[in-house]
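Novice: Read top to bottom, the protein sequences are chains A and B. Sequential numbering from 1 applies to the first sequence in the numbering used here. Sequential numbering from 278 applies to the second sequence in the numbering used here.
Don't read these hints as lab results, they were simulated from the structure. Be aware that one or more of the hints could be misleading.
Stated by the list, open to error - If you only want the chain A side, here are some residues facing chain B, beta carbon under 10 Å, derived:
(1) 29
(2) 105
(3) 114
(4) 125
(5) 245
(6) 247
(7) 248
Claimed, not checked - Far from chain B by the CB rule (all over 12 Å, computed), these chain A residues:
(8) 176
(9) 181
(10) 182
(11) 185
(12) 219
These figures come from a predicted structure and were not determined experimentally. Idealized CB from N, CA, C, for every residue including glycine.
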Amino acid sequence: MAVPYLLKRTAFYALVAVIVFQAVFPFYYAILTSLESGQAIFEVNYLPYSLSLDNYWRMISDGVFGKQILNSVFVATVVVIISLSLAVTAAYAFSRIRFRGRGLLLLTILSVSMFPQIAVLSGLFEVIRTLGLFNSLWSLVFSYMIFTLPFTVWVLTTFMRKLPVEIEEAAVMDGASPVTIIRRIFLPLMWPAMVTTGLLAFIHAWNEFLFALTFLSTDSQRTVPVAIAMISGVSEFEIPWGNIMAASVIVTLPLVILVLVFQRKIVSGLTAGAVKG
Amino acid sequence: MLAVLAAVAAYPLIRTFYFSFTDASIDLIDEAQWVGFRNYLEYVDYGEGEGEYFGLLVDERWWRAVWNTLRFTFLSVTFETAFGLVVALVLNTNFRGRALVRAAVLIPWAIPTIVSAKMWAWMMHDQFGILNDMLMRLHVIAEPVAWTASDQTAMLAVLIVDVWKTTPFMALLILAGLQMIPADIYEAAKLDGISPVRVFWRVTWPLVLPAVLVAVVFRALDALRVFDIIYVLTPNNDATRTMSIFARENLFDFDQFAYGSAASTLLFLIIAMLTISFIWATRMNVEREE
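If we strip away everything but chain B, and leave its shape as in the complex, we get:
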């Protein structure tokens, strides 16, 4: 088991790091030569005091991708947490048909990411899409919107699909947290006649917070490496190109294997750093609650 894991995870990771310091190209991987930090940053001296920096660290498209990824992560996780909390609270209430609602809520999660991206691409079609039709009937928009094609709405389109698809997961994790709160606390609050809003902020929220934080960390790590939704929904769009998309484009489409490896390496480092600080921050929070 450990040998397999080493072969599929540790060794490839080290090779990716290595390639990022070489001039490897996809057809000549075996002949990769060590070039040091050139893929990351290189100063080319033109002589007479003139020169220019090249490399990932000064690549505008890379920083755009970093910014897109961070923006996507922040917004998607925020909305998913908010909606997930609402859905979890609803599912935690006793009402008729709860089992059915719970099953229905799981459907988006069960649908493969590619399929949901395609389904929404069709619903968001600029001419025949049902989303435009609905919004026009409701007089929210006056004319059809090219959801996935226009730079202004591409990110919004991606966010809608991602939030739709992963809110169930968030809701389930939060629901698990909610169900661990003992019922007698609520009965006591009810007897004392405390308003539901106050009960939520004083009892439910602090008790469910650790579960929410774990869910947020999980989703954030997922969102930072987002690939397939964007690859299918808004291919080749500067407004939604994320770090993963950027890295793969360079690796396999632009014949810049080493450069793509450098991007992968940076993405790995960014995620590792964020993970460590997330864990550190949430530990602190959890401890403070106790």
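Next up, chain A with everything else stripped away, as it sits in the complex:
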């Protein structure tokens, strides 16, 4: 009996090892490459061979990349703030006020999140040009609402429905106005859900590529995903992999840390958003 048990355990841990290895290795290798410079990049190394921050230094001192990071931070933050404040009020209406066609309206909103981005691209392009937002970061803030709003409204509505109505009714009895109710009762109860949805909206806005590629046309306006996709070397045949990997690590590290810190919350938010769909 002992041998098959041992065998099974070993096989199980081998499987775990494989899973961890494949998940972590590419990121590890990107960090490794980003720390190599000169010729070392063009030799395959599995372990740290040389450690130098040259690539990072070159990316940061470049100037444009710093601006591009600020662009991304700006867009993602504003998107989170706007979509959360709109979503909280909408979720309040959906979970507390009875009106005709409520369910249908919620379903319509949810179906927007299934839109292929490309299907609205040409129409959105026209809107953004008419509004004079082309090549402005506000074009991204505006267009990102298409995927952050349905998601945040949906998750917050589901969450708000689970909160007992009694608390609110007591507040109404005490003569609190709707604004006071939202501010003093809902927000304190809601903040865990808001952190999760806000974080997911942030990640989404931080990573978005298609709209950013289409609506921004100059280098200093671009956000980081587009910037990374467009990093090129002096000549067509010389791609600066060290720089690309350094930029990639800079852009990814905050996300990886955020995700690892808020792991549990994100998982519950994701499943709440998806399973209900």
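Model the placement of chain B on the given structure of chain A, informed by the hints.
Specialist: Okay, now just chain B, sitting in the frame of chain A:
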């Protein structure tokens, strides 16, 4: 909120539909003229009984893109479901260091799509890539493979990156389903001495199936509109050009705004149709399980 949503979703969608029936070009959007179905299908009569069809519906490159997209969706979702299920089952078992493994598994999901595409592009580099080096050391391949450049392997390269990146998401959704199965069922099965394989097929699989189906629908809808991985990893490759890539090329690179709009419209219709039939099919399945 509704006004914003109407402005960013409903109105643009309607305009896209409209443009697909016009001759709009990118610089002259305002002067678009109605041309009917010409972007979709048009018969040009050369006289004397000769003529030719033009338009999206007879465009070989479009149908190639449709086929690429469907193939990509089918293969990526199949592999992601299989691997996601394995990872979810592992994470659902009690073992030391589970929290750490779970955190590690999330990393690919946390990495932006563009960054993962670039990371893998580097790992798949035909001369300096570590993937070739590994496979050669393991004697799987005899000489370096040009993963992203060759037509034979481009789709495989895209699939590897996509499966790597989205398996965690799949695993999480399935794991959520697994954790809803009450533990006493397993204890009862253990007491009765039923083999784990039988328990899996008789208990776990039917109970987790609804969660798996929801995850499959989500991933499939995502895969059908795939854009950034392919745009970065294998640009301009006939073997991996999907519907989204085709539409954007026409919209902005080839100065065929109306034609690109027509492609976008068709893509929207295809996805809408598939969504409705997916939902219909899974509802049926879920009901049968209950």
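Novice: Each hint needs a verdict: does it hold in this structure or not?
Specialist: Hint by hint, here is what the structure shows:
1. 29: holds (6 Å)
2. 105: Status holds, d = 8 Å.
3. 114: holds (6 Å)
4. 125: It holds, given that the least Cβ distance between residue 125 (chain A) and chain B is near 8 Å, below 10 Å.
5. 245: holds (7 Å)
6. 247: Cβ of residue 247 (chain A) sits 8 Å from chain B, so the hint holds.
7. 248: Check passed: Cβ of residue 248 (chain A) comes within 4 Å of chain B, closer than 10 Å.
8. 176: holds (23 Å)
9. 181: holds (18 Å)
10. 182: Holds, since 14 Å exceeds 12 Å.
11. 185: holds (21 Å)
12. 219: Residue 219 (chain A) is indeed farther than 12 Å from all Cβ atoms of chain B, at 16 Å.
This entry satisfies every hint, going by the numbered hints stated previously.
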